Amino acid sequence: MARSQASPHAARFYVVLIVLFMVGPFVPLLVQSFAFQWDWPNLLPSEWWFTARDRARLPLGWDYVLSPYSRLGEAVLNTVLIGSATTLICLAICLPAARVLAREDFAGKRAFEFYLSMPLIVPEAAVGLALSVMFVRVGLAGSYAGIIIAHLIPTIPYMVRMLTAVYQGLDRGFEEQARVLGASRSQALRLVTIPMLLPGILAGCLFTFLVSTNLFLLTFLLGQGKIITLPTLLFAKISGGSLDASAAGIALVATLPGIVLLLISERYLNGLNQLTGR
Amino acid sequence: MHLCRSVLFVAAFLASTTAVMADEAAAGFQDQILAGDMSWDDVLAQARVDGEVQFFYWGGDDNLNVWMDSVVAPAMAELGISLVANRITGTKDAVDLVIADAASGRTIGEGSVDAIWLNGENFYTLKQQDLLFGSFAQLLPNAANFEWDEADPRSQLNLRDFGTPTDGAEMPWSGEQYVCSANRAVLPVEQTPRTFEDLQAYLEVNPGKFAYIKPPHYLGNTFVQQVLYAFNPDGTGATPFQRSIEGLGAAELARLAAPGFEYLKDIEPLLLGGPQGAVRYPEDAAAAEGLFRNSEIHINCGFGLYAVATKRADGSYPQTAEEIIFPAGNMIKNKNYLAIPANAPNPAAALVFANYMSSVEAQVTKLDLVGYPAGIDPWKLDPADAAALEAAAPAHYGVTQDELDDNIAPDTNASLVEVIEATWLEYIERGSSLPLEEIVANAVANLAP
Amino acid sequence: MPSPIWRRRPTLQRQQVLGLLPLGVVMIVLFGGALALALLQSLGFAPWLGINSFPDVSYFIALWGGASFWWSLWFTLYYSLAATVIALVLAILLALGLTRAFPGRAVFGSLYKLPLVVPYAVGIALAVIMMGNGGVLSRLAFALGWIDDPAQFPLLLTTNAGWGVIAVYVWKQLPFMALAIHAVLISAGREQAEAAAVLGANRRQIFREITWPQIVPGIVSSTLICFAFNMGAFEAPFILGGGFPDTLPVMAWRYFNDADYTLQLQGMAVVVSIGLVAGMMIAVYLATYRRYERSLGRV
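Protein chains in written order, with my numbering: chain F, 1 to 278; chain D, 279 to 727; chain V, 728 to 1026.
Any given hint could turn out to be false.
[Stated by the list, open to error] Once the Cα atoms are required to be at most 20 Å apart in a straight line, the calculated SDA-like pairs of lysine to any residue come out as:
hint : chain 1 : residue 1 : chain 2 : residue 2
1    : D       : Lys543    : V       : Phe971
2    : D       : Lys405    : D       : Gln416
3    : V       : Lys840    : F       : Arg12
4    : V       : Lys840    : F       : Phe21
5    : F       : Lys109    : V       : Gln742
6    : D       : Lys405    : V       : Tyr988
7    : D       : Lys543    : D       : Asp476
[Claimed, not checked] Just some of the chain F residues that point at chain V, by a computed CB distance under 10 Å:
hint : residue
8    : Leu43
9    : Leu120
10   : Ala150
11   : Ser242
[Stated by the list, open to error] Just the calculated beta-carbon pair ranges, DEER-fashion:
hint : chain 1 : residue 1 : chain 2 : residue 2 : range
12   : V       : Ala828    : F       : Leu263    : 17 to 25 Å
13   : V       : Gln740    : D       : Ala305    : 49 to 57 Å
14   : F       : Ile259    : D       : Asp660    : 53 to 61 Å
15   : F       : Ile194    : V       : Asn929    : 45 to 53 Å
Since the hints were made in silico from the structure, they are not lab data.
Nothing here was measured: the structure is a model prediction, and the numbers come from that model.
Think of the CB as a built atom: it goes at the ideal place given N, C-alpha and C, for glycine as much as any other residue.
Take these sequences, add in the hints, and give me the full structure.
So this is what it looks like as structure tokens:
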């Protein structure tokens, strides 16, 4: 019996190794963000930011990152705003559709479902470049509305899948019982359906928000440099393939929303497991 | 029902944003100001009506960003204009935006770009496509800070941008000179190269310890141009490269450029990564600085007359970096400019902005905080202002201002830059086996119409 | 013509049609519109640029006739496939490892998901700081006395071998795949595997006969998504790739960014080509998978 399974020690060794690969590189990133001068082959900076900052005339390292000059605050705000708006609109259009998809059978349903999952397999570059041509024509390029509308495309497949799964798990009998017992349609929705759907809806929203906040190419192509989000701000900083202290700081801040979402999901939503659509 | 209504709402919203109305007020303003029928006070008043200026500039320099937000934006706010400083990764992005706006029929008052920080090819593109606001530079009050007299050779930097006549369609606002720096921790003074031959000799002893930025990045183009000047078979340096491609002709350009390109091919195995069999050209200035910090390269080149002072101070250069005179006699010096597109949404505010940027006040703070050389001409200023400008200049390390001044060369004509850049990509990067004349001829034939 | 009773599908009521309408409109106008536009433009339809030679396959002919397109296609496929396969192998092992009980499993079981929730650009930043010739790995190699100059460190970034690009994809997608697989393993339970072990099956047999059929649907869907994403990804190959020949999305972007606007049509031909290649690969993959499912008698 013991020989038929990998030993816990081997399993643990491997898991730790993978986690080290996943999380370990954040350590030098943190060091870099606090470094003033950190040259090859030193394993630690030869001068740290906090000793150099006194003689600097302009904000240096974290002073720059956390100052309004870095536009980091604006990027965080835009990221959250676009993510929230995308999530709400996505939810509003996917919820009624998911209800029908979960409960009804109709001609062309499989084709429609396949079409809904197509954004997952059509390259982002194709959608992004075509949309940018389209949006420049209709005046949506460089606007919040344009970016939010574009963000719907890659988020819809996930939202539909997760909400459909939620509706499938919900016995429609509950709603009908409520109606039989005299509840109006809106009461049934408010008092019965929504509370039962809520955990699934929250998981769907969380994941949609996550996808939106991580999108780069669509925002980059449609924002025209006028609307910056965390991914585009960071891209601009590192596009040459180098990383200075302020870029490292911005990369760390760009990691924070994800960490918050991860903590929330681990604590309340059974750890993102719903995203696999089961 | 609700859904019906929301669909209608979205449709109405889409329709409203797509409607583009001709802006007659902006068109009238353009006619009046260019005809000289408008006082500066009227422009200031109109700028307050505009309320904002959409400025696009390369946002890769933290120091410049701080200056823009902490000095320029408040100054513009005092004039009743809110500065929207859009940071872009490449100046071309803003030019593209202007062209895309124009292609969808947006004219004066309707576009999305009021002012762009640019020079060279990007100005040439806008001018060729006839997408510039008009001849405004000499109408601004601060035009007095510049030498416009063609009899004075020093006026050339204000009148010509990479050989293209500026025609007042852009305002000079910053100067630059291509300066290389050596890391004295690894490169002693006595081994410092002065010429490209010296560089090659140095690299034979220290293979892989130099890199230039990859064309078509303008910093890479500039390096290549300097090589072409130095190896000009007629010994006339930069002179023939001032002519446009129409005047010079592809065959003549190929003849003039051939020895330079031979040199670039010869040194390739000695450049960064060359000894390991995979030569690497850094993508931009930040990447090259990273290589310089880690002593992967011993010499780093780029525009930046005071780069050593500012980059030592912010940690992006090693504390042992010093300026060097290289390539002697061929250090390209130019200016960069603020251009106003023909479809600027807020043309009056753009003019007020350009005027502020060429003021003594802006130039002194920029030189002091960012270390970008003055774009205005000191001999046109009153003595107190000229002294303030001089006092604001950061220090030099290892060389003097006179030595730097003695080794300047002009930029290459913008119409040649594109050809040279395409030739580099084909001949050096792709290692084409075609003869150089043919590559140059193809590049000329492929020029964008 | 009345359809046979067993084929009849209920028609939707007005209410239900309304429910599908907003989503359908958005997907058809936006997504369908974008695809149609890409296709039209790649076939010579761009009247707003003063070009309309539709239908015109010359852009595809010019593109497919050049050697650089095929090199770009090769690199795009190589990065996408290599990253997907490496991430998949590591993810299966990780998911299996996480089914074992060991001290600290809860913490590690959460930590590995971190890359899933951060932008690709962060992964690129980490690749730059770790894998560059002046990076942390190179410095460790110096500390260990293996090299004494950064140039001696093997070139991992900005090379067409694509180590950096692949590392970023693996870093970001490994958790995604592991999560999908792990969820199946948890819900399937270990009873079957334990029963098989009691009956004398060895580890390889248990994996092949029991675990693998359980996890294969999750593997197919997650690898599909990751592979398709990699085919169209821009920022990692743009920053960490080896330059010419670029991957197809970077190539398309360069065409779009060219001063010569007519090259946009060429760019669209590149974009459509990516879609065609990805679509064909996915179709073959799904067909193979369906045959496998049929062999298991599950379809």
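Verification of the hints:
Distance restraint check for Lys543/D and Phe971/V: the Cα-Cα separation of roughly 17 Å lies within the 20 Å cut-off, and the hinted pair is therefore satisfied. For the hint linking Lys405/D to Gln416/D, the alpha-carbon distance of about 18 Å falls within 20 Å, and the restraint holds. Under the criterion of a C-alpha separation no larger than 20 Å, the hint pairing Lys840/V with Arg12/F is consistent with the structure, at around 16 Å. Under the criterion of a C-alpha separation no larger than 20 Å, the hint pairing Lys840/V with Phe21/F is consistent with the structure, at around 12 Å.
Proximity of Lys109/F to Gln742/V is assessed by CA-CA distance (about 16 Å); at most 20 Å being required, the pair is judged to hold. Among the hinted pairs, Lys405/D with Tyr988/V is consistent with the structure: their alpha-carbon atoms are about 16 Å apart, no more than 20 Å. Taking the CA atoms of Lys543/D and Asp476/D, the gap is near 16 Å; set against the 20 Å cutoff, the hint holds. Interface hint at Leu43/F: satisfied, since its Cβ lies 6 Å from the closest Cβ of chain V, which is below the 10 Å cut-off.
Given hint, Leu120/F at the interface with chain V, holds; its Cβ is 5 Å from that chain's nearest Cβ, closer than 10 Å. With 10 Å as the threshold, the beta carbon of Ala150/F comes within range of chain V, its nearest partner Cβ sitting at about 8 Å, so the hint holds. Proximity of Ser242/F to chain V holds as hinted, the smallest CB-CB distance being about 7 Å (cut-off 10 Å). Separated by about 23 Å at the C-beta atoms, Ala828/V and Leu263/F satisfy the suggested range of 17 to 25 Å.
A hinted range of 49 to 57 Å holds for the C-beta pair Gln740/V and Ala305/D, which are about 55 Å apart. One distance hint, 53 to 61 Å for the beta-carbon pair Ile259/F and Asp660/D, holds here, with the actual separation near 57 Å. For Ile194/F and Asn929/V, the hinted distance range of 45 to 53 Å is satisfied, since their beta carbons lie about 51 Å from each other.
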